[in-house]
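Colleague: Here is what each chain is made of, one letter per residue.
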Amino acid sequence: MKELISINGLCYNYDDICALNNITLKVVEGDALAVIGPNGSGKSTLLKIINGIMFANKGAYVYKGKNINERYMSDNSSSRAFHRSIGFVFQNPDVQLFCSSVYEEVAFGPTQMGLEDREVKTTTENYLKLLGVEHLAQRVPYYLSDGEKKKVAIASILAVEPEVLVLDEPMSGLDPKTKTFIKELVVKLNRAGKTIICATHDFEYVKGMFNRAVVLSEQKTIVYDGAYERVIEDEPFMRANNLK
Amino acid sequence: MRTWMLNDNFIEKNILSFLGMFSNLRKENIDRTFMSSINPAVKFVSTLLVILSVSLSKSIYYVAIVSGFLLVSALSLDKRSLKKVAIIIAIAFLFASFIMIPSLFILKVSNAVVMILKITVSVLCVNILIYSTPTNQMTKSLKALFLPDILILIIETALKHIVIVGDMSVNMMYALKKRTIGARKKKEHALWGILGVLFIKSTIMSDNMHDAMRCRGFNGDYKSLPSLKLGEADLVYILFVLIIIFTGMVL
Numbered sequence: 001m002k003e004l005i006s007i008n009g010l011c012y013n014y015d016d017i018c019a020l021n022n023i024t025l026k027v028v029e030g031d032a033l034a035v036i037g038p039n040g041s042g043k044s045t046l047l048k049i050i051n052g053i054m055f056a057n058k059g060a061y062v063y064k065g066k067n068i069n070e071r072y073m074s075d076n077s078s079s080r081a082f083h084r085s086i087g088f089v090f091q092n093p094d095v096q097l098f099c100s101s102v103y104e105e106v107a108f109g110p111t112q113m114g115l116e117d118r119e120v121k122t123t124t125e126n127y128l129k130l131l132g133v134e135h136l137a138q139r140v141p142y143y144l145s146d147g148e149k150k151k152v153a154i155a156s157i158l159a160v161e162p163e164v165l166v167l168d169e170p171m172s173g174l175d176p177k178t179k180t181f182i183k184e185l186v187v188k189l190n191r192a193g194k195t196i197i198c199a200t201h202d203f204e205y206v207k208g209m210f211n212r213a214v215v216l217s218e219q220k221t222i223v224y225d226g227a228y229e230r231v232i233e234d235e236p237f238m239r240a241n242n243l244k
Numbered sequence: 001m002r003t004w005m006l007n008d009n010f011i012e013k014n015i016l017s018f019l020g021m022f023s024n025l026r027k028e029n030i031d032r033t034f035m036s037s038i039n040p041a042v043k044f045v046s047t048l049l050v051i052l053s054v055s056l057s058k059s060i061y062y063v064a065i066v067s068g069f070l071l072v073s074a075l076s077l078d079k080r081s082l083k084k085v086a087i088i089i090a091i092a093f094l095f096a097s098f099i100m101i102p103s104l105f106i107l108k109v110s111n112a113v114v115m116i117l118k119i120t121v122s123v124l125c126v127n128i129l130i131y132s133t134p135t136n137q138m139t140k141s142l143k144a145l146f147l148p149d150i151l152i153l154i155i156e157t158a159l160k161h162i163v164i165v166g167d168m169s170v171n172m173m174y175a176l177k178k179r180t181i182g183a184r185k186k187k188e189h190a191l192w193g194i195l196g197v198l199f200i201k202s203t204i205m206s207d208n209m210h211d212a213m214r215c216r217g218f219n220g221d222y223k224s225l226p227s228l229k230l231g232e233a234d235l236v237y238i239l240f241v242l243i244i245i246f247t248g249m250v251l
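From first to last, the protein sequence lines are chains A and B.
For reference, each letter of the first sequence is one residue, going 1 to 244 in this note's numbering.
For reference, each letter of the second sequence is one residue, going 1 to 251 in this note's numbering.
Be aware that a few hints might be false.
Below, a sample of chain B positions facing chain A; criterion: calculated Cβ distance under 8 Å [said to hold, decoys possible]:
| # | residue |
| --- | --- |
| 1 | Thr139 |
| 2 | Lys140 |
| 3 | Glu156 |
| 4 | Thr157 |
| 5 | Val163 |
| 6 | Ile164 |
| 7 | Met205 |
| 8 | Phe218 |
| 9 | Lys223 |
Below are the DSS-like pairs computed for lysine-lysine, each with C-alpha atoms no more than 25 Å apart in a straight line [claimed, not checked]:
| # | chain 1 | residue 1 | chain 2 | residue 2 |
| --- | --- | --- | --- | --- |
| 10 | A | Lys129 | B | Lys223 |
| 11 | A | Lys121 | B | Lys143 |
| 12 | B | Lys177 | B | Lys201 |
Facing chain B, according to a computed beta carbon distance under 10 Å, are these residues of chain A, among others [as the list claims (entries may be wrong)]:
| # | residue |
| --- | --- |
| 13 | Val28 |
| 14 | Cys99 |
| 15 | Met113 |
| 16 | Arg139 |
Please keep in mind that the hints were generated in silico from the structure rather than gathered at the bench.
C-beta: ideal position from N, C-alpha, C; glycine also.
Using the sequences and the accompanying hints, generate a full structural model.
Modeller: As C-alpha cells, then:
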C-alpha cells in the first residue's frame with residue numbers, strides 16, 4: 001500500500017499551551033483510521049494540521065512525498081492541489097456552510113477548482129443525490145436541521161473528489177438515523193478506495209467503520225496505534241484514558 | 001449606565017426586535033406567483049429604473065400610470081404578502097401625507113400630491129421586490145449591477161453571521177435569565193459578558209469559516225455560478241417596464 005501521510009515528531013503549541021506533543025503517525029492508502037481521545041487531547045488540532053490549515057511548531061508533516069508547511073501552502077497551485085486531494089468535514093457544519101443555497105454550497109469546491117460549468121453541474125447533482133439532499137438544493141444551508149447540514153457539508157467536500165476524507169466528530173449532535181446513514185456512507189467510501197481519517201467519541205455507532213485506531217492521551221501524545229476492535233474491547237485501557 | 005437600560009425585559013425586547021427586523025432573511029420559500037417567477041436580477045434592475053423614472057418625472061399622470069402597473073403587480077403576490085405590503089403602503093402614505101402638510105401652505109396642492117404619490121409608489125415598488133424574492137436570490141441579483149462576486153459573497157456571509165450570532169445572543173439571554181434568581185445588582189457585568197463571548201465566538205466562527213473555504217480551494221478569488229437564465233415571464237415583465245419608462249420620457 002502507498003504511504004500517503006507521514007508525520008514525524010510533530011509538536012504544536014497554542015501560545016504556551018501544548019496541544020500536540022511528539023506525534024508520529026503514518027497513514028497508507030485505503031486506511032480507515034479512527035482518532036480517539038478525551039476532550040482537549042488535540043484531535044481537532046491534529047486533523048487541522050493534516051489538512052494544512054495549521055502548521056507544526058516542531059517536526060515534519062509529509063503528504064505524498066511533499067513537505068506540508070507554510071511555504072508550500074503559500075503557493076496557490078500547490079495549495080489547491082493539496083486541498084483537492086484531502087477533504088475536511090468540520091465538526092460544526094455552520095462554519096462550513098457559507099453559500100446562499102445548498103446547490104451553490106456543493107458547487108463551490110468544483111467551481112473553485114476550475115472545473116467547466118457542465119462538469120460542475122454534473123458533479124454537484126451527483127453528490128446531492130448520493131447524500132440524499134437533492135430536494136434541499138434551493139434551501140438556505142444555515143436554516144437546515146443539524147443532520148441535513150452535516151449531509152450537505154459532507155456532499156460539499158466529496159464534490160471536490162478528494163482521495164483522503166478527514167472528518168471531525170461527524171456523529172456529534174445527530175439523530176440515530178443520520179448517524180447510521182453517515183456510518184454506512186463512510187464504509188462505502190472506504191470500500192471504494194478513499195482513505196478515511198475520523199475523530200470520534202461515538203463508539204456505539206462507528207462499529208465496523210475503522211480498521212485502525214490512534215489514541216491520543218491527555219498528555220497530547222499517541223498512546224496506542226493499532227487495530228480498532230482491539231482497543232475498543234480493552235476496557236481497562238479505555239478507562240485509564242477517560243474514553244469509557 | 002441608566003438602570004432602565006439594564007432591565008432584562010428591555011434588553012430582551014431590543015434583541016428580539018432587532019432580530020425581527022432581520023426576520024425577512026429567513027424567508028426561503030415564496031409561493032409560486034407571476035412576480036416570484038421573474039428572474040430576481042430582472043426585478044432588481046426594473047425596481048431601480050422604475051423608482052428613478054418616477055423620481056425624475058413631474059407628471060401626475062405618469063405617477064398614476066406607474067401606480068396602476070405596480071398595483072397590478074402587487075395583486076399577483078400571495079395573500080399573506082399582499083396583506084403585509086398593504087399595511088406598509090398605508091403607513092408610507094400616511095407618513096408622506098403628514099410630512100407634506102406644511103408644503104400645502106407653501107406649494108401648490110398638486111405638487112404635494114405628486115410628492116406623496118412618488119413616495120408611496122417607491123415604497124410599493126421596493127416591497128413588491130422584497131416580498132416576491134427570497135433573500136438568497138436577492139443577494140445574487142446584485143450581480144446584475146456588475147458587483148464583484150467576492151463582494152456578493154461577503155454580503156451573503158455577513159447575512160449568515162447576523163442570523164447565527166443573533167440566535168446565539170437570544171439563547172445566551174435566555175440562559176442568563178434562567179440562572180438569575182432574585183435581583184442582580186451588577187447587571188451590566190452580565191451584559192458585557194454576553195457581548196464579549198459573542199465577539200469571541202463570532203471571531204472563532206469567521207476564522208473557521210475561512211479555513212473551511214481554503215479547504216475547498218478558496219484563495220481570495222471567488223468565482224460564482226453563472227446567473228439565472230431569462231424565461232418568457234421575464235421577457236413580458238421587461239417589455240412592460242420598458243413601456244413604463246418610455247411613457248415617463250414622453251410625459
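Colleague: Confirm or reject each hint.
Modeller: Status of the hints after comparison with the structure:
Taken as an interface hint, Thr139/B checks out: its beta carbon lies about 6 Å from the nearest beta carbon of chain A, inside 8 Å. Evaluation of the Lys140/B hint against chain A yields a held restraint, the C-beta minimum of about 7 Å falling below 8 Å. Because the beta carbon of Glu156/B sits about 5 Å from the nearest beta carbon in chain A, less than 8 Å, this interface hint is met. Interface hint status for Thr157/B: upheld, as the beta-carbon distance to the closest one in chain A is roughly 5 Å, under 8 Å.
Because the smallest distance between the Cβ of Val163/B and any Cβ of chain A comes to about 6 Å, under 8 Å, the interface hint for this residue holds. Using the Cβ-Cβ criterion of 8 Å, the hint placing Ile164/B at the interface with chain A is satisfied: the shortest such distance is roughly 6 Å. Interface restraint check: Met205/B against chain A, minimum CB-CB distance 6 Å, threshold 8 Å, status holds. The restraint placing Phe218/B at the interface with chain A holds, with a minimum CB-CB distance near 6 Å, inside the 8 Å limit.
For Lys223/B, the interface hint holds, since its Cβ comes within 8 Å of a Cβ in chain A; the closest pair sits about 5 Å apart. Between Lys129/A and Lys223/B the alpha-carbon distance is near 24 Å, which keeps this suggested pair within the 25 Å criterion. Our distance criterion of 25 Å between C-alpha atoms is met by Lys121/A and Lys143/B, whose separation comes to about 20 Å. In summary, the hint linking Lys177/B to Lys201/B is supported, as the alpha carbons are separated by about 20 Å, within the 25 Å threshold.
For Val28/A, the suggested interface contact is broken, since its CB lies about 22 Å from the closest CB of chain B, more than 10 Å. Among the interface hints, the one on Cys99/A holds; its C-beta lies about 7 Å from the nearest C-beta in chain B, closer than the 10 Å criterion. For Met113/A, the interface hint holds, since its Cβ comes within 10 Å of a Cβ in chain B; the closest pair sits about 5 Å apart. Of the supplied interface hints, the one on Arg139/A holds, with its beta-carbon coming within about 6 Å of a beta-carbon of chain B, less than 10 Å.
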